[in-house]
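Number of protein chains: 2
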Amino acid sequence: LPIDNELYKKLEAIVGEQYISDSDLDRVCNSYDATKQRSLPDVVVRPNSAQEISEILKLANENHVPVYPRGAASGLTGGAVPLYGGIALDITRMNRIIEIDEANLMATVEPGVVIADFQNEVEKYGLLYPPDPASNKFATMGGSVAECSGGLRGIKYGVTKDYIMALEVILPTGEIIHTGRKTLKSVTGYDLTKLFVGSEGTLGIFTKIVVKLIPPPEKIETIRAYFSSIKDAADTVSAIISAKIVPRTLEFVDEESIKAVSIYIGFSVPENTKALLLIEVDGSAETVLKDAQIIIDISKNNSAFEVEKAETEEEKDSLWAIRRSISPALYAISSGKVSEDICVPRSKVTQMLESIGEIGKKYKFRIANFGHAGDGNIHVNILTEPSIPGELDRAEEAVKEIFEKVVELDGTLSGEHGVGNTKSKYLSLEIGHREMKLMQDIKNLFDPNGILNPGKIFYNKEIEK
Amino acid sequence: LPIDNELYKKLEAIVGEQYISDSDLDRVCNSYDATKQRSLPDVVVRPNSAQEISEILKLANENHVPVYPRGAASGLTGGAVPLYGGIALDITRMNRIIEIDEANLMATVEPGVVIADFQNEVEKYGLLYPPDPASNKFATMGGSVAECSGGLRGIKYGVTKDYIMALEVILPTGEIIHTGRKTLKSVTGYDLTKLFVGSEGTLGIFTKIVVKLIPPPEKIETIRAYFSSIKDAADTVSAIISAKIVPRTLEFVDEESIKAVSIYIGFSVPENTKALLLIEVDGSAETVLKDAQIIIDISKNNSAFEVEKAETEEEKDSLWAIRRSISPALYAISSGKVSEDICVPRSKVTQMLESIGEIGKKYKFRIANFGHAGDGNIHVNILTEPSIPGELDRAEEAVKEIFEKVVELDGTLSGEHGVGNTKSKYLSLEIGHREMKLMQDIKNLFDPNGILNPGKIFYNKEIEK
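Residue numbers (my numbering), protein chains in the order written: chain D, 1 to 465; chain E, 1001 to 1465.
Derived by calculation from the structure, the hints in this document are not laboratory data.
Please note: incorrect hints may appear among the correct ones.
[Stated by the list, open to error] Derived DEER-like restraints, expressed as beta-carbon distance ranges:
no.	chain 1	residue 1	chain 2	residue 2	range
1	D	62	E	1445	18 to 26 Å
2	E	1099	D	51	46 to 54 Å
3	E	1445	D	262	51 to 59 Å
4	D	429	E	1332	52 to 60 Å
5	E	1097	D	444	32 to 40 Å
6	E	1036	D	400	29 to 37 Å
Ideal placement from N, C-alpha and C gives every residue a C-beta, glycine not left out.
Same shape as in the complex, but just chain D:
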């Protein structure tokens, strides 16, 4: 569906000459996301209001032109990739923090606001917006609502969905609608707000986002514990939960990830380190000290051979360094790494990691695992070398086996990255035919011409349309 001169002119009339382009440069710059897929849009438009987006979508809908909304394009499953060309709709100009309402602990933002910018602004009011994806320094609020980002604090504070109270949304047919209320409770009609959160840009484009804020904890304690087996680390996680402590973060790093970081930042760990846990507790000053001590004792009782607690902000930073460097470190040793984002019930993390180990052996891959042990959310990284013939096909088979195991353990294919187009073909492993049909019917209801982010979530295009 090429965009002809007439349509281009109409789009230009909506956003203005300087905010539309079909130059090769702009098309390439809007062709990708963090999966490194490439697919060129025909045209890039950069609207600045709900009204403009409404008019663009009406036009696209009438002309059956695909529209691909994008924020920072930092998604990990192809969500922002313009698979079938059409319009790349860049929302980053809409980056205003409209209101921080201290009295009601609510804030209203536009979709293009960068998460960390918002978090910093909220902090000035002595408040906290808890969702904290690792990409927060560049990812936008709009994208994180579309994907329902999780992050490091999920175990205690939940995910993005838990904080989204109301939305202004442009439907694929161009109407501007409002869902939810700026109140802590509201049960009038179906919860369209939560339906939009995590819909991966396939049901509507958010132009205003109302989020709930909370007072931040008084104090945070940071602990790092080293283990000589994965099982000891997992047992420590279970024992912490059994002790009725819910840490703010409870991160797990395996041997392969540690090795990568050691090379990358010159970090050295005690010999025989097979796993480490990075644990943070927060709360009032008295409580966190007590909880931190309990966690140190539990770690030692579960054979941690070294436990460090940060006493200063610098030490905290240093304890975090290894966790923060994993992704770039793994990328450095395997630019072709295949990353997955599985989540299993917490009690099945050890079993899952063992299975991943076996699958790695079977397909002769090194696999690095790290992630949110408290959530059961494991980032699985298959370290491939794409130049080896057949390597990526073997990786795909390994991924399929991992997903089958995940479902067998009552887990989910994606804890926080979404489906996009990279996981859509596996979705039927987890979601039944009738359930999938319901989702497709909802998609068709909201987007009868299938113009908004086509090719995502639903694998079989024929069924989607």
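Given chain D, work out where chain E should sit, using these hints.
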């Protein structure tokens, strides 16, 4: 649509002779809910499994017979009332707690489990299921998921929706589907789980409910503060939030409610009491003591002329007595009371209460207000005397004016009771035409023959069908 002998026999074959009845007694016993509306079903069936419900719904769907699911029928907006006859589907036999999974802080229950029974069982494991509607001693888990119950702890712990992770649901067309996962995070496809929560029995019948649990707080402190003006009480609420304290409960009781309770349980309050706040903080032992003291100081700074803090469990009970007795006390002085369940942004509670006062004067009603000040969720009780001619019509006009003010203040018609049939005609005040149409389309998608709980949420039957 009468149920003929043939259909009756088929239903009987599904559930067994002793679990079906069309006796007058059983029909009357299944005709009402807590709104005191009455509408007789043609037949009452009491299934005991997902399979049985699936077969019943298939039969009803083929024959276009309305099906009205009901648990304890304690809802306050007509949700369980069989408006158009048909089948009353009593799910209370399905009352098994299937699993309490300590390792994953999750539990799985059937819909007929009484909330308090579940809470007590969870407590034995040293855990907490936070949603706590006032009806918890009789209301069922299924009903509370259908209505998305709130309750006293919403300000700190959120509402039912925040704890529902996965569901087994029977669609109106009879298929058994599964939504969500027993994991803390999952972003595969649209969130059907949260769409079902709060759908008021119009989209499907829950047969398994997976909920998240949390460790309970170590300690709770209970405070009661008396004020000589509503504004002082509201200012206290604001000041507590500004102090970055989020209480577990923050309940408000107005003069009219206090008077009713005084008569009802012989409770005497200091003269000139125009409002009282009942406040609970929870957390670690050290934190709550500190927070309680801050709240006492804030109350006094905002002209509380008396502040009590419970030192023993008995004192706690005594401080709660007045709050707990409000509903029966108001019922005792006005069996025809019209109760609403509005919710406004917390900062607008004073303004809302002032408007309610003016509307009361205009229509010559005494109006008693109490509720969750921390949430902005006010239970408005218009004390009518139904035997006076025109009284209920005037009450309806007053309600409409109150609702208009609520929407003007960015509030919602219902914080936790739902729409049912009692509020459906006002819903368009809050929800736009396009948004309403989307909800109706979703309803039609899930329930093409409109057999499940017809007459609820959607006012215009013609549009609904």
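To see whether the hints hold, each was checked on the structure:
Remark: the range hint 18 to 26 Å for residue 62(D) to residue 1445(E) is upheld by a beta-carbon distance near 24 Å. Here the CB-CB span from residue 1099(E) to residue 51(D) is close to 51 Å, well matched to the stated 46 to 54 Å. A hinted range of 51 to 59 Å for the beta carbons of residue 1445(E) and residue 262(D) is consistent with their spacing of about 54 Å. Hint check: residue 429(D) to residue 1332(E), Cβ distance near 58 Å, so the stated range 52 to 60 Å holds.
Distance hint for residue 1097(E) and residue 444(D): a CB-CB separation of about 39 Å, consistent with the stated range 32 to 40 Å. Checked against the hint of 29 to 37 Å, the pair residue 1036(E) and residue 400(D) fails, with Cβ atoms roughly 57 Å apart.
Comparing the model with each earlier hint shows a violation of hint 6 alone; every other hint is respected.
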